[in-house]
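Enquirer: Single-letter residue listing:
There are 2 protein chains.
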Amino acid sequence: MTAEDIVNLALRRSLFFPASEIYSNSPSGFWDFGPIGTKMRFKVLDFWRKNLVESLGFLEIHGAQILSEDVFRASGHLSNFADPIVKCKKCQTVFRADQLIQEHIGSTVAESLSTPELDSLIQKHQVPCKKCKSKEFENVRKFNMMMGIDVGATGQQKGYLRPETAQNIFVDFARVFKTSRKNLPLGIAQVGASFRNEIAPRNTLLRERELGQMEIEVFFNPKKINEVSDFGLVQDYKLNLLLQGKKEVSSISCKESVEKNIVSGKLIAFYLAKVQQVYSGYGFPSDKIRFRELDKDERAFYAKETWDFEVKTSHGWIELIANNYRTDYDLGRHAEGSKQDLSVTEDGEKFIPHVFEISAGIDRTLYCLLDTTFIREKRGQGERVILNLPVQVAPYLCAVFPLMTKDGLQEKGKEIFQNLLGYHLDVLLDEKDAIGRRYARIEEIGVPFAVTVDYDTLQDQTVTLRYSKTTEQKRVKIADLPELLWKLSIGKTTFETI
Amino acid sequence: MTAEDIVNLALRRSLFFPASEIYSNSPSGFWDFGPIGTKMRFKVLDFWRKNLVESLGFLEIHGAQILSEDVFRASGHLSNFADPIVKCKKCQTVFRADQLIQEHIGSTVAESLSTPELDSLIQKHQVPCKKCKSKEFENVRKFNMMMGIDVGATGQQKGYLRPETAQNIFVDFARVFKTSRKNLPLGIAQVGASFRNEIAPRNTLLRERELGQMEIEVFFNPKKINEVSDFGLVQDYKLNLLLQGKKEVSSISCKESVEKNIVSGKLIAFYLAKVQQVYSGYGFPSDKIRFRELDKDERAFYAKETWDFEVKTSHGWIELIANNYRTDYDLGRHAEGSKQDLSVTEDGEKFIPHVFEISAGIDRTLYCLLDTTFIREKRGQGERVILNLPVQVAPYLCAVFPLMTKDGLQEKGKEIFQNLLGYHLDVLLDEKDAIGRRYARIEEIGVPFAVTVDYDTLQDQTVTLRYSKTTEQKRVKIADLPELLWKLSIGKTTFETI
Chain A
903 MTAEDIVNLA
913 LRRSLFFPAS
923 EIYSNSPSGF
933 WDFGPIGTKM
943 RFKVLDFWRK
953 NLVESLGFLE
963 IHGAQILSED
973 VFRASGHLSN
983 FADPIVKCKK
993 CQTVFRADQL
1003 IQEHIGSTVA
1013 ESLSTPELDS
1023 LIQKHQVPCK
1033 KCKSKEFENV
1043 RKFNMMMGID
1053 VGATGQQKGY
1063 LRPETAQNIF
1073 VDFARVFKTS
1083 RKNLPLGIAQ
1093 VGASFRNEIA
1103 PRNTLLRERE
1113 LGQMEIEVFF
1123 NPKKINEVSD
1133 FGLVQDYKLN
1143 LLLQGKKEVS
1153 SISCKESVEK
1163 NIVSGKLIAF
1173 YLAKVQQVYS
1183 GYGFPSDKIR
1193 FRELDKDERA
1203 FYAKETWDFE
1213 VKTSHGWIEL
1223 IANNYRTDYD
1233 LGRHAEGSKQ
1243 DLSVTEDGEK
1253 FIPHVFEISA
1263 GIDRTLYCLL
1273 DTTFIREKRG
1283 QGERVILNLP
1293 VQVAPYLCAV
1303 FPLMTKDGLQ
1313 EKGKEIFQNL
1323 LGYHLDVLLD
1333 EKDAIGRRYA
1343 RIEEIGVPFA
1353 VTVDYDTLQD
1363 QTVTLRYSKT
1373 TEQKRVKIAD
1383 LPELLWKLSI
1393 GKTTFETI
Chain B
903 MTAEDIVNLA
913 LRRSLFFPAS
923 EIYSNSPSGF
933 WDFGPIGTKM
943 RFKVLDFWRK
953 NLVESLGFLE
963 IHGAQILSED
973 VFRASGHLSN
983 FADPIVKCKK
993 CQTVFRADQL
1003 IQEHIGSTVA
1013 ESLSTPELDS
1023 LIQKHQVPCK
1033 KCKSKEFENV
1043 RKFNMMMGID
1053 VGATGQQKGY
1063 LRPETAQNIF
1073 VDFARVFKTS
1083 RKNLPLGIAQ
1093 VGASFRNEIA
1103 PRNTLLRERE
1113 LGQMEIEVFF
1123 NPKKINEVSD
1133 FGLVQDYKLN
1143 LLLQGKKEVS
1153 SISCKESVEK
1163 NIVSGKLIAF
1173 YLAKVQQVYS
1183 GYGFPSDKIR
1193 FRELDKDERA
1203 FYAKETWDFE
1213 VKTSHGWIEL
1223 IANNYRTDYD
1233 LGRHAEGSKQ
1243 DLSVTEDGEK
1253 FIPHVFEISA
1263 GIDRTLYCLL
1273 DTTFIREKRG
1283 QGERVILNLP
1293 VQVAPYLCAV
1303 FPLMTKDGLQ
1313 EKGKEIFQNL
1323 LGYHLDVLLD
1333 EKDAIGRRYA
1343 RIEEIGVPFA
1353 VTVDYDTLQD
1363 QTVTLRYSKT
1373 TEQKRVKIAD
1383 LPELLWKLSI
1393 GKTTFETI
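Same order as they appear, the protein sequences are chains A and B.
Converting from the first sequence to the working numbering requires adding 902 to each position, the first position being numbered 1.
Converting from the second sequence to the working numbering requires adding 902 to each position, the first position being numbered 1.
Derived from the structure by calculation, the hints contain no laboratory data.
One or more hints might be untrue.
No copy labels: a pair is met if it fits in one copy or bridges any two.
Here are the simulated lysine-lysine pairs, BS3-like style, with alpha carbons at most 27 Å apart [as the list claims (entries may be wrong)]:
id	residue 1	residue 2
1	Lys-1125	Lys-1316
2	Lys-1149	Lys-1190
3	Lys-1044	Lys-1060
4	Lys-1314	Lys-1389
5	Lys-1060	Lys-1032
6	Lys-1080	Lys-1334
Taking the hints into account, I'd like the entire structure generated from these sequences.
Expert: Spelled out as structure tokens, the structure:
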């Protein structure tokens, strides 16, 4: 399987494709998701919500994407959210300076280098323009990736599209905490788009200018970082950790990670375990996931500890989630910027809560899921393509296939489809083409089950239930379908035990 | 019930509140939804998806919010999506010209007036500045409400935040139609934010700068506008129609509306019926909803027929959905602009599909739901507040309340809560305050059921199931709860029949 396979599948089935694609000069880095891709995206979100938000007692908000300039002045984005760029004097093409050097010399360039340091590197290595080969560049400068908006008719108010969904959460924390009547630690989550004016978007969903994020900010009392009531549930769970300076992943239990001070406290280990459990549940194989510990140069200046959750794909290891111990940086900055009291009082003591952040990319998660679950299997003379997705992440739970469009089979199929929809089950109806082709079409998008409506159905009110992965079939009563599919959809039964 | 009640409820429970609100000078027209508001929003969307998208065999896409400049040149937004504004010479305040005149003279000003016509009206009526009372204004001019973005580091590529989600649908139509293997008529839906640089945002969610939309564009063959296979299902269904020039709503069956040429064909009547059925399902009372027929001056120049679906609220009649027969305008413009073939071939004939649009506001729907379902009831000495929402639109299905936090009740409550979550049921857990206050708290946000865990629970594994609307209680087995709540959530049983 190659990266090309994924893009081919995506375009053939319209999972995702370039936004505004009928216009040839459209800006890159923007993607639209077709019907199946949209369904897949929902399932990624649902699974995350159920397992990483609701079952932990966390709350989700839905905020505006354009926020006040003041928000980003306080957060530091207006001064710091910038990439180094360099312009070719001859052809005027603009590049991200660190990437240009990196690709030329074939090794990593630290993100922390200053613009003069990057100028020197370009000189030293005689880096050529990728387009015209000239070696004459203007000086490297910082380019802020924020997208600004003039709000209102006078143009006097400035807003910015948020570069991360997290900022609504920080700004809204005091209100949400107070009105929720919950105690710390409290996670507040948000799903939505963020906007970054990337110089060079690439690899489809892996580097976008408009990107989907699902973020959780866990607010806690730093004095209680080792008071985690459910820690017993994960203490023996093994984390895949790639420690600073190591080349191999270590399998370390949560308990050990705390005892050896690999993490700052039980709370960190607990949420890392939850992340790894949920991402295993998505179907990422255990040997393809790891938390990479970032060293001081790599992590944000305010982060005390950062673990990038990475997945091994055909593009190499890809970061899916930044897990950051952000301390009191965010609430502290906003308290100062807004002159509002964002503190919490616990046990008679007033303090600014600390934050542990779990910041995941939706589109990246989807892309990496396709990459790691895509399977080619020999089948007779040809081959078949399967997305080996878990039932709970499949775009649809079940397809309904009337064998023929005549003799009342089509009507019966439609009736069963509508009945299942009435039970809020994720079903699709497809009446076109030979049944074998219809099976193949659902297999390649990971739909686990198909109900086939045939001539026997009209006699005995039963249908064939087929399991895509094994191609095994069982005969079940139409009347039993809703409850059976419901239980399959929530993992309360399996095909084998029917 | 007044508009103030809604805002009070919204702020008290953080249903929604101004974005960036901790900063005093934040631009208006942007709103954040707190945890309960976010849940309500999801339910509004789920209900719409189930009933107006999936059950009609329609498809949903999820597109980028920033689209190419070419898209909006072709759609006409760059030249036409503008409001008339006027600036006070003395205090420099900018107003929307038509609204300023309207508020002064107390009657409607046609949207189609030219800027010189508006200048004359200001003169004629001696309209004063609302802020400083001066009567000296600059000339009225058009202000384009599109929000533009410079994409990339060179600033040579221009994108715009979409002012309606519909544009992704038009631009993606040919691809989605082809890869879906569906026939016309085909509805393509999208949910998401749109952006309009309103001069004067107001009435909280009713006029926002960033607004949530749920839109459906139904593509069809204009020759087959009267071929609707399921028309029989709605032919006797009565539409609430406020016809042009009439003061009273007429109750007219779909069949009659077609026969009397009130609508352009069966297809239009069919989807109007679906809209009215779904919005009745949301809980809007029949005497508070209507389709208002727009006359030629009011509707967009490309629309052959427009029916605004309106709801009667404490702000008067509010438009929730624009139902537009847009003909081949959109695909025609994009075919021309992109030089792509966006036609469809049916029965050997090639044509540009026509479009019937169902364009609904999410936040407006939510706001109007609050407004129409808010009830104050006498209760002993005091009163109680109920949101009388249907089960399927309630933010949560059921609350779990351990009576006490001691004697193992808290643990039992948590266990039941987690078990129900495992069945993907929308439940909340609340352990604080006296049980009566907890009931009141869920009643005012429309949660229909509560499970109370008491001392008997520990003995006989039963709980009390309470129905918020009637306050009636029944004793049920814990083991029966998941299936019972599931059936309640999808309308397959009712509290009365338990």
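Enquirer: Give a verdict on every hint.
Expert: Going through the hints against the structure:
no. : hint                   : result
1   : Lys-1125 with Lys-1316 : between (60 Å within a copy, 26 Å between copies)
2   : Lys-1149 with Lys-1190 : within (14 Å within a copy, 67 Å between copies)
3   : Lys-1044 with Lys-1060 : both (21 Å within a copy, 21 Å between copies)
4   : Lys-1314 with Lys-1389 : both (23 Å within a copy, 24 Å between copies)
5   : Lys-1060 with Lys-1032 : between (36 Å within a copy, 24 Å between copies)
6   : Lys-1080 with Lys-1334 : between (55 Å within a copy, 14 Å between copies)
Of the hints listed earlier, there is not a single one the structure fails to meet.
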